[in-house]
Amino acid sequence: MSLTPIDIQRIAQLAQLRLDEPTSARMLTQINGFFDIVEQMRAVDTTGVDPLAHPVAAMQDIQLRLRDDVVSEPNQREANQKSAPAVERGLFLVPKVIE
Amino acid sequence: MSKNSKLVQGYEVVIGFETHAQLSTKSKIFSRASTAFGAEPNTQACAVDLALPGTLPVMNKGAVERAIQFGLAVGSHVAERSIFARKNYFYPDLPKGYQISQFEIPVVQGGSVEFFLGEEKMSVRLVRAHLEEDAGKSLHEDFIGQSGIDLNRAGTPLLEIVTEPDMRSSLEAVAYAKELHKIVTWIGICDGNMQEGSFRCDANVSVRKPGEPLGTRREIKNLNSFKFMQQAIDFEIRWQIEEIEDGRKIQQATVLFDPDTGETRAMRTKEDAADYRYFPDPDLPPLCISREWVASVQADMPELPRLMAARFVADYGLPEYDATTLTQSKAMGSYFEATAKACGQPKLASNWIMGELSRRLNMGDSAIENSPVSAHQLGALISRIADGMVSNNAARQVFDALWTGDGKDVDAVIEAKGLRQMNDSGALEKIVDEVLAANAKNVEEYRAGKDKAFNALVGQIMKASKGKANPAQVNELLKARLTTAG
Amino acid sequence: MNQAMNKDLHDLSVLALSAHLRDKKISAVEAAQHFLTRSRAHSQLGAYLAMNEDVTLAQARAADARLAAGTGGTLEGVPMAHKDIFVTKDFPTTAGSKILEGYNSPFDSTVVANFQREGVVCLGKLNCDEFAMGSSNENSAYAPARNPWDTSRIPGGSSGGSAVAVAARLAPAVTGTDTGGSIRQPASFCGITGIKPTYGRASRYGMVAFASSLDQAGPMARSAEDCALLLSAMCGPDLDRDSTSLDMPAEDFSRSLTQSVDGLRIGVPKEFFGDGLSADVRAAIDNALKEYEKLGAKLVPIELPRTELSIPVYYIIAPAEASSNLSRFDGVKFGHRSKNYRDLSEMYRESRTEGFGDEVKRRIMIGAYVLSHGYYDAYYLQAQKIRRMIADDFQQAFKVCDVIAGPVAPTVAWHLGDHGNDPLADYLADIFTLPASLAGLPGMSVPVGLGEGGMPVGMQLIGNYFSEAKLLGAAHQLQLATDWHLAKPATV
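Chains as they are written, first to last, in our numbering: chain A, 4 to 102; chain B, 39 to 524; chain C, 837 to 1328.
Among the hints, erroneous ones may be present.
[As the list claims (entries may be wrong)] Calculated lysine to aspartate or glutamate pairs in the EDC-like style (CA-CA distance at most 20 Å, straight line):
#, chain 1, residue 1, chain 2, residue 2
1, A, 99, C, 1182
2, A, 85, C, 937
3, B, 64, A, 76
4, B, 517, B, 467
5, B, 446, B, 394
Calculated directly from the structure, the hints in this document are not laboratory data.
Work out the full structure: start from the sequences and follow the hints.
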């Protein structure tokens, strides 16, 4: 199966990207080129196979490590905001959020 | 499922709840920044909370522990293995562009919340409760055409508690919310402060003709007071019924309640972000909870309100109503037990706590934890009523003295105020004789069969004894005197 | 310091260099200055994205003080440069992207901090494909890095600048990151030695994330011996910062260097030697395998039947994770914010559209698509299942062999622009490095001679989980017996 220009527009919106016509067209060809080789993968019978989300789980049981509930992060606002595009009174400024 | 399905204009109301309870941890769910409320903007948003490049989440054990406690409190299954997933959408208060939540396999599965609606016992089934991170806040004030983003709240641990659509009225919905609020604060996993957003309810409301499939629901977001909750749901119900009656279809939507207008309105944002592209978070291996851990949490769990109430009925012979009232809070429950133990008069203790004590507390709207009259003092006072040393009226005066601090020791107060009932029969006989002599008329009337006359005499005697006579004793003596001699 | 020393300084191994530093034959400042000078002189290679002489020399002076006081670490005074994927306090971090231009991290990545703890002096930040997405370094938003063996050719990617710096002697050693081959392939193309350890060995904290379940840091140098030394310094549990960091004590990866390969069973996967493999590369690999046989190793034919499938599997999983990891670049908290917007969603869209390059956008699109409603099971989930099968295939293979050997890439380095507008060509060229990445296994690239156009060929060695020491030992034994790893570009 291959993607349509509508798919491309839908995904671009999800991903917050603006693709002009030529880019969108190029993207469509390239992505569909890739999905041709994806077909062989879809054909594989994987019934009863556990997905492998964490590589080392293939070797040993892994489980989430839990840390104690302790506060140890000092206020680093100045350092943390030194690369911020727009800050006022310690707040990150953005175009008005409408709810 | 509730049995009290009362129809509104021929429609059945269907309500389900999603509640976000902020967990009472010191640090955030995936970072070591503080969760304290009210700090200067972004002073408690560390590199991880801000999603600075290269940062990674590390799970807070305290948050998991609280999820386990909740699961045990509502009879859920605590999953041996649950998965954290990413919910992807763009929003300025969501620093990573995704929220770490749980999707396919939540940590708490099933369970139910039970409560009384008037006399009727209700049970609302839970679908699940899952751990996730809170978002930051957008401040819209005084930034011309712009919003200010404060990410202090970002990463605060939340337990999202989801019910089945089991509720059939706004009353039932509010009762559920109050019971849930009682549970999370009782076991101490959430401070329950609704003004500060520690306990936020979203209500999914729909209406249908009886027997029809579920109608399209609209979700009322962030109901942060029980009062607004009822108003919002009632408004939403009326609005939906009108729409349908006017031949319009209900569109699924997320709506906000405006306390000023008392109306709900559809939100304008997040509508296009419907496709969240959930997938297991590769930064976080599966959350595994050993049965040993669950057992040890169970061992440390406080007695839950429902069980405590049942025990009050069984052990102290209290009526359901008293037991439920006395388990509104853990403090009240233990105050009652202390009092009952001190005086061995559970029902009297219950009456005094639900009556005089509650009345006084409400007047100064202070909590029972800091009642000026201790359970021990109240117990002592009730003992004195029981053994007949003071009458109920006198006891109220004693209580008042204890409350205002005029006195500390019950017996001392009784003596000081001379409230002891007159139990020495000699003195009483004397008074009785005097009264009989002075009221020959009543005596005759009584003998003529007028019972009223008897009461009149009792009244006279009590008056003469300045209220100190023991009414029972007076009756006894008087009867004896009137039947003999004459 | 004598002239000969000065002239040859850049040819010294890390081991020799740190010995000279400890013996005060040279100072950390002299070493740093020497490499800074060389790096500036060869700036046309595009190896570096950021240098700061003041910062570097300040670090060098501090190192000299510790050397004088005898309190130095295992790598005290050794100059190194880091791939620009590692965030650093003292240098800007861009990840090769315009969207992070001028970004200053308030903290150091764990790997960088670990090297600092051992006394390493930082020369600067190295060029790479944008967000480590690419196999040629042509996806860098700043400048393509050039292969010192032939500057008309690509150095490989994504750790292209890293490989160039080592090959051109602009740094004695560097860090790289490997998601689908980004250490092994450029090491192969530039004739140096590099290793990607078992997933979870090196902390990912402070690595700008590309694909979280695949990203892994590793050292790149000129010999296996140096790599062992560096790997020991950079690895170790980071339990407080990275939930996927392995809870295993730090190791001395040099411990097996002297172990003979006599009797070592080397698995040779037939799928790695198919038609796709160019003749010159095949010849070099066969040659190296013969060397191993001379050293007493046994070649065992094995099968990795899903090698070809690893391309679609990888190029679904990695973009899926990347599409989510790169959502934080929205112009709100850091990074590029467009000037052309009227509202919030335009600010998002324009900032990201201006800030990301084509390949990054392509992968974000693929990733968002395979995770989107109705496609998740067919693509992402299916890929994760086949990923399990691929990992199991390796476990089967390791029942009959100790290490696996084969080519790193089907060809030697190609010319800039060769793959032009055909990203698929790049994807297909990753075929031999992707399987180990998907399984999370350690893998390395070892120089084994020259191929077409006199360009270096690398042999890939893949070990089982946690067997880095064994891998490095096998590579070192080969490098004791041969001098392929000593070959250097004519221009150097």
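Hint by hint, here is what the structure shows:
For the given pair, residue 99 of chain A sits about 12 Å from residue 1182 of chain C by alpha-carbon distance, which is consistent with the 20 Å threshold. A threshold of 20 Å between alpha carbons decides the hint, and for residue 85 of chain A with residue 937 of chain C the separation of about 13 Å falls inside it, so the pair holds. For the hint pairing residue 64 of chain B with residue 76 of chain A, the CA-to-CA distance comes to about 12 Å; that is within 20 Å, so the pair holds. Distance hint between residue 517 of chain B and residue 467 of chain B is fulfilled; the C-alpha atoms sit about 12 Å from each other, no more than 20 Å.
Pair hint residue 446 of chain B plus residue 394 of chain B holds up; C-alpha atoms about 18 Å apart against a cutoff of 20 Å.
Violated hints for the displayed structure: none, as all numbered hints are satisfied.
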